[in-house]
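Taken in order, these protein sequences are the chains called A and B.
The working numbering applies: residue 1 is where the first sequence begins, and numbers increase by one.
The working numbering applies: residue 1001 is where the second sequence begins, and numbers increase by one.
Please keep in mind that the hints were generated in silico from the structure rather than gathered at the bench.
A quick note: this is a predicted structure, and the numbers were derived from the prediction, not measured.
Beta carbons: idealized from backbone N, C-alpha and C, even for Gly.
Mixed in with the good hints there might be a few duds.
[What the hints assert, rightly or not] Distance windows between CB atoms, simulated: (1) T158(A) x L1012(B): 47 to 53 Å; (2) A472(A) x S1098(B): 53 to 59 Å; (3) W498(A) x A1024(B): 35 to 41 Å; (4) L488(A) x S1070(B): 18 to 24 Å; (5) H1086(B) x G150(A): 34 to 40 Å; (6) S144(A) x F1049(B): 22 to 28 Å; (7) S1057(B) x G150(A): 39 to 45 Å; (8) A1024(B) x V374(A): 28 to 34 Å; (9) L327(A) x Q1045(B): 44 to 50 Å.
[As the list claims (entries may be wrong)] One-sided and incomplete, this derived list gives chain A residues near chain B with beta-carbon spacing under 7 Å: (10) L59; (11) A123; (12) N199; (13) A202; (14) A251.
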Amino acid sequence: MAPKLPLKARLEHSENVAGGTAVQDHDAHHSSGPLRWLLTTNHKEIGTLYLIFSLTMFLIGGAMALVIRLELFQPGLQLVRPEFFNQMTTMHGLIMVFGAVMPGFVGLANWMVPLQIGAPDMALPRLNNFSFWLLPVAFLLLLSTLLMPGGGPNFGWTFYAPLSTTYAPPSTTFFILAMHMAGISSILGAINIIATILNLRAPGMRLMDMTLFVWTWLITAFLLIAVMPVLAGVITMMLLDINFGTSFFNAAGGGDPVLFQHLFWFFGHPEVYIMILPAFGIISVIVPAFARKPLFGYASMVYATASIAILSFLVWAHHMFSVGLPLIAELFFMYTTMLIAVPTGVKVFNWIATLFRGSITFETPMLFALAFIVLFTIGGFSGLMLAIAPADFQYHDTYFVVAHFHYVLVPGAVFSIMAAVYYWLPKWTGHYPDECLGRWHFWLSVIGVNLLFFPMHFAGLAGMPRRIPDYALQFADFNMASSIGGFLFGFSQLLFVWVVIKCVRGGVTAPAKAWDGATDLEWSVPSPAPLHTFETPPDLRRVAG
Amino acid sequence: MTPVQRTVTKTLLALVAMVGFTIALVPLYDVFCQVTGLNGRAASQPQAFASGEVDESRYVTVQFITRKGSGLPWRLEALDSQIRVHPGQAYEVDFVFSNYGKSAYRGRAVPSVSPGEASLYLRKVTCFCFQEQRLEAGERVQLPLVFQLSHDLPESVHTVTLAYTLYPVLDRPAASDDETISQGGDA
């Protein structure tokens, strides 16, 4: 159980920090000028860089999604050639997964983990700078492949061999290099987060005193350490197959394309949880703050997160039910997959139990958090449907799969990042985000996202395959609805950008404790958080007795 | 060492271990497939006959499918597309390779067995698939496959499909092909 920290101690501490002389000293030798952002080692500035990068990638990947939706608005080929359509689906997936969602969570971790554990900065600040600046290079390289002869990657974000080896465009080597760099960035970021959480907690803060956001990120960082090398291995084997004549995935030379799928999904399934565990942490922080109740079942939340992480290594072949697995393997992966619903159900139960009899208010962060709980659960249920091996033969590679993973990633991961941004913007900028615009953004997003993804369930169940630029006439209505929802959701994100800009420039001034029910350590430092916080760690040791 | 350095060292060790594990997965997968028959990977070496009585009471249908990978102007046909066999009995089926291209090519037929579990019980004594073929322009070659389904084939298997896919052998240093161009198979 997480005993809440004594409030008095925190407030005293925040005054110390605000008035401390150490703050001025450090600010004095902080570099200014054009290189400031390039050379910064401050966790808050790097967090901001990550978040800006993530938002940029979100808009670029979103624009690609709109190209897809525009083409699918009506049956027939209207706007783009199929080759370009394939590049759009591939790049949309890669950019959203590796460029938007993952850096978004890393940015939040950079900002909030040191603040929530009472640390002055990340454990390895220079490494932190390096892991951020790898990302813009990686994604510029990835985006530049679109302009190369033969076009960019066009084999889907899962880059199955031999599509991504024997039949791939020449730019695939650049794609591999970009993925390597993004992977190294993730690994370094994960090492940094582990080192920070395990070593820099304020005196007296035990592991079971940490907020759920810190806990989920600790577990996520271990997942990253475990699976990013697998991704690196797979793309290195692709590189060797393409350029050096090996036959890892080439049946003609004695290799096996199915091996690619096993290796990819051994990385890919934990990767899915890498994109959702920090979201669980965010929701577990926001829901108690606006229900004005401590989180129900703190310890069970921690254990559920750890169980999900461990189970994620035992379910990879549920992506491959239709490649011809033996019956025993189909059964094993079906049951392990369904088992994951248990800890996930524990989490959803705990959130609802936290809400139960709380004095709830519905500010924008809470709206996003509540929408997360409902819509993520819908995505979880369609995941359970897909886990049924005999039924999956019908769903496999249809729009039902697209609907499922977009429900867990968009109103799941993306909504949680938006909830976090609305929740912590007062701490970052010292101003509340515009509540009215925030609500507009929320309602347009939630309507748009459901109009966009819900009809995909029906199109998929009726048999519409994914990754096609043209489709049979009976899917026309579903697709038109999806496209309208897509544009509604897409353009309402411009409102989000405007809310953030407006909040940075001004707004209602926020106090140190910006939300009534917020109790974590970050709310003890002033808003906006000064560049250096917790130079003297807050002492959370309980008085003896 | 500071505590941070200790943590970083441990995570780096875990990282190296995972890299090693990833590399080890490739041979482990091969071993796993051989043991379980996963993916219907048929043996690439000639096998001896399994002695044992022929199960006259039981019939199993064996189907032969051939297909062609891109980049090779060849045709591969099984003279019998389907035969009924007794487990334990040896059979010979002839396949015809023809090159309708304008020049000589080297190619290889890569086998796959389905259901995968049957690959453990399919014993090939002679097969063109154990080595690569070279066909002159317009050449036509008839090559045998001698095989046996061992008598302990699970009762649940009624049909075994043997698929051959033709792939071109590219003129690069055939380092990775060394083990597959083996002796045996008198084709």
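Here is what the structure says about each hint:
Hint check: T158(A) to L1012(B), Cβ distance near 29 Å, so the stated range 47 to 53 Å is violated. A472(A) and S1098(B) have their C-beta atoms about 39 Å apart, which leaves the hinted 53 to 59 Å range violated. Between W498(A) and A1024(B) the CB atoms are about 51 Å apart, so this pair departs from the stated range of 35 to 41 Å. Restraint check, L488(A) to S1070(B): a C-beta distance of roughly 43 Å breaks the suggested window 18 to 24 Å.
Checking the proposed 34 to 40 Å range against H1086(B) and G150(A) shows it is violated: the Cβ atoms sit about 53 Å from each other. As the Cβ distance of S144(A) to F1049(B) is approximately 59 Å, the hint placing it in 22 to 28 Å is violated. At about 59 Å, the beta-carbon gap between S1057(B) and G150(A) misses the expected band of 39 to 45 Å. The hint said 28 to 34 Å for the Cβ distance between A1024(B) and V374(A), and at roughly 43 Å that hint is violated.
Range check, L327(A) to Q1045(B): about 28 Å between beta-carbon atoms, so the 44 to 50 Å window is missed. For L59(A), the interface hint is violated, since its Cβ never comes within 7 Å of a Cβ in chain B; the closest pair sits about 33 Å apart. Interface hint status for A123(A): upheld, as the beta-carbon distance to the closest one in chain B is roughly 5 Å, under 7 Å. Hint on N199(A) holds. Least Cβ distance to chain B is approximately 5 Å, under the 7 Å limit.
Using the Cβ-Cβ criterion of 7 Å, the hint placing A202(A) at the interface with chain B is not satisfied: the shortest such distance is roughly 15 Å. For A251(A), the suggested interface contact is upheld, since its CB lies about 5 Å from the closest CB of chain B, less than 7 Å.
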